[in-house]
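So the chains spell out like this:
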Amino acid sequence: MAMLEIDDLRVAFPRGKTEEIEALRGVSLRLEKGERLGVVGESGAGKSMLAFSILNLIAEPGRVSEGAVRFMGENLLDMSERQIRGIRGNRISMIFQDPMVTLNPVLTIGTQMIETLQAHRRISRREAHRLSVEKLKMVAIPSAETRMDAYPHELSGGLRQRVVIAIALLTDPELIIADEPTTALDVTIQAEIMALILKLCRENDVALILITHDLGVVAEVTQKLMIMYAGKCVEAGETRAIIDAPNHPYTAGLLKALPQNAEPGQKLYQIPGSMPPITNLPRGCPYHPRCSRASDECRAAMPEIIDGVACYHPLQSVEEIA
Amino acid sequence: MSAQIKPVPSPQTDHIVETRGLEVRFPLPTHFLSREKPVLHALNTVDVAIRPGETFCVVGESGCGKTTLGRTIIGLQNPTAGEVYFNGQRIDQMDEATRKPIRRDMQMVFQNPYASLNPRRNVYDTLVEPIRHLMPEKSAAEQRETVEAVLAATGCDLSWQRRLPHEFSGGQRQRIAIARALVTNPAFIVADEPISALDVSIQAQILNLLTDLQAERGLTYLFITHDLSVVQHFGTRVAVMYLGQVMELAETATLFATPKHPYTRLLLDAIPKLEGGSFDKPRTPGELPDPVNLPKGCPFAPRCPLATDLCRAERPKLRVLPSTGTEVACHHTE
Chain A
4 MAMLEIDDLR
14 VAFPRGKTEE
24 IEALRGVSLR
34 LEKGERLGVV
44 GESGAGKSML
54 AFSILNLIAE
64 PGRVSEGAVR
74 FMGENLLDMS
84 ERQIRGIRGN
94 RISMIFQDPM
104 VTLNPVLTIG
114 TQMIETLQAH
124 RRISRREAHR
134 LSVEKLKMVA
144 IPSAETRMDA
154 YPHELSGGLR
164 QRVVIAIALL
174 TDPELIIADE
184 PTTALDVTIQ
194 AEIMALILKL
204 CRENDVALIL
214 ITHDLGVVAE
224 VTQKLMIMYA
234 GKCVEAGETR
244 AIIDAPNHPY
254 TAGLLKALPQ
264 NAEPGQKLYQ
274 IPGSMPPITN
284 LPRGCPYHPR
294 CSRASDECRA
304 AMPEIIDGVA
314 CYHPLQSVEE
324 IA
Chain B
378 MSAQIKPVPS
388 PQTDHIVETR
398 GLEVRFPLPT
408 HFLSREKPVL
418 HALNTVDVAI
428 RPGETFCVVG
438 ESGCGKTTLG
448 RTIIGLQNPT
458 AGEVYFNGQR
468 IDQMDEATRK
478 PIRRDMQMVF
488 QNPYASLNPR
498 RNVYDTLVEP
508 IRHLMPEKSA
518 AEQRETVEAV
528 LAATGCDLSW
538 QRRLPHEFSG
548 GQRQRIAIAR
558 ALVTNPAFIV
568 ADEPISALDV
578 SIQAQILNLL
588 TDLQAERGLT
598 YLFITHDLSV
608 VQHFGTRVAV
618 MYLGQVMELA
628 ETATLFATPK
638 HPYTRLLLDA
648 IPKLEGGSFD
658 KPRTPGELPD
668 PVNLPKGCPF
678 APRCPLATDL
688 CRAERPKLRV
698 LPSTGTEVAC
708 HHTE
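These protein sequences, in sequence, are chains A and B.
For the first sequence, our numbering begins at 4 and goes up steadily by one.
For the second sequence, our numbering begins at 378 and goes up steadily by one.
Mixed in with the good hints, there may be bad ones.
Here are the computed lysine-lysine pairs in the DSBU-like style, where the Cα-Cα straight-line distance is at most 35 Å [as the list claims (entries may be wrong)]:
hint	chain 1	residue 1	chain 2	residue 2
1	A	Lys270	A	Lys259
2	A	Lys140	B	Lys477
3	B	Lys694	B	Lys658
4	A	Lys202	B	Lys694
Here are some chain B residues pointing at chain A (derived, C-beta under 8 Å) [what the hints assert, rightly or not]:
hint	residue
5	Ala581
6	Leu695
7	Leu698
These aren't lab readings, by the way, just hints derived from the structure by calculation.
Just so you know, even glycine gets a beta-carbon here, dropped at the ideal spot from N, CA and C.
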């Protein structure tokens, strides 16, 4: 049994009184214990929607309209709010993009950490304090003991995100979902934080779902990869295999458009157009208006995902796209 | 495509834009009981000289002063000390009437096209405003002609003119923002992180547009970014900034092949690579020192593996390394 199994997950938002629009249009994935998965896509592709729906956090009026999220065999979507609290923030933790928004600005780091622990464990304040300092040391925060009394604004952006990671680790989770954890940070701090997340996941056998738009970060950190486009998974598989030899024209286009894959001074490969909004999707494959390989088949019906790629005309190598 | 005459660099200088000893300091609010007068040092003696037709990149992390440098050159920010030259003419102390004709030669593209376009103004009004303001001699027909020519050159559809910014995607808005910068037919454009608010598949489109426009119009760019892979692809020369100072200045290829400053090496080392493997070893937490209370010596010394007492005591000046021609502000690199 896989640790996390998602089956045909769909999220819908109402439009008007009778209509509904699907933001997530049937996504499936499997994650084994200790495995690291990257989810890559443009804004609006549905990657954050996927993260939120795993923990049943879709805000009203949106709802999970179909599908199942099984964590250790139990469907999280069937659970009561009380039951899911035993899992959310406990066995599955989340790290969000902006640490200044995640942390409460009027409480000290220590208060927030102790509160989190006491919400999930029956332990004394003293013991919670000790465990919190231990986790702060784990994320390499200098003078951890004194930082417990600091307020979030007293820390730099990089240290704040370290604190957020320490809080995510407090309950020794089996899975961490990180939604663009370094997008708000500088390049050198991003490298520090991603190296830290990678090390902690490896050492503690924690599984990771890393949501990002940066293929470089995914290549550095994850073993598995899922590419999303317009609410669908268009390609999934081993990270290395996809980056070395993408099968879906969109993945290939994304990789080919990276400046590091072009000759300096030469023009970059560019994917024409932009991703359609989910309110106005074309018929068939959502990528066909931008795809050089599109045929009538693509314009008629959405291809099923077969062998990790949802495309009627998968590529054998990157060179195949003009 | 336009018949206007480009200003030719004056004979006494081969630089289109030059700064000498540029400093910008922001006084911060003082506590009413405190005698201290805190001052934020945004730029600290910055000397850059930009050659006509090149793409001069400025890289650095947030708070390093790269945006302040762009804004000071273009005249959106007055320098506290130092000089700014455009085609050999000193512009930072000019009165507005003398400076106005120069403003049409220097334009800016901002980072966030969701904030830089007036939401109540349609595309035509946005584009015609700089012409009306800076080129009052143009007739209404000429204005229309210029706007349409620039829209076509930037890949915008002519039917967009009566539409409002909210009807466009991020990439389309950035094209409109670029068009607005081009309507006065400038020679020099400051592009402040023009692609970092855009999606990956759109970034290549905008970079290619900037490359094409440069080739067609002989534009000079000051390109401000935090993304080194973009610099490597796009830049002619690059200045690496840290806490208001230029730490290293070199030809792009030279900088990537032989980075000299320890900070440049740290930056290059932080780029995630598609080959993977470079995040495997843990990194020590580093932090920018407070720009309000700058350390006395080299600003990078607290994070630097090479730092000695000399670095902590004395701020290194930019010097030319004969081996590569790189300018570097470090006591120890060779």
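These are the hints, each one checked on the structure:
1. Using a Cα cut-off of 35 Å, the hinted pair lysine 270(A) and lysine 259(A) holds, with the two alpha carbons roughly 11 Å apart.
2. Between lysine 140(A) and lysine 477(B), the direct Cα distance comes to roughly 57 Å. Violation of the 35 Å bound is thereby established for this hinted pair.
3. Our distance criterion of 35 Å between C-alpha atoms is met by lysine 694(B) and lysine 658(B), whose separation comes to about 33 Å.
4. For the given pair, lysine 202(A) sits about 38 Å from lysine 694(B) by alpha-carbon distance, which is inconsistent with the 35 Å threshold.
5. Of the supplied interface hints, the one on alanine 581(B) holds, with its beta-carbon coming within about 4 Å of a beta-carbon of chain A, less than 8 Å.
6. For leucine 695(B), the interface hint is violated, since its Cβ never comes within 8 Å of a Cβ in chain A; the closest pair sits about 22 Å apart.
7. The beta carbon of leucine 698(B) is not positioned within 8 Å of any beta carbon in chain A (closest approach about 22 Å), and the interface hint is therefore violated.
Hints 2, 4, 6, 7 from the earlier list are contradicted by this structure; the remaining hints agree with it.
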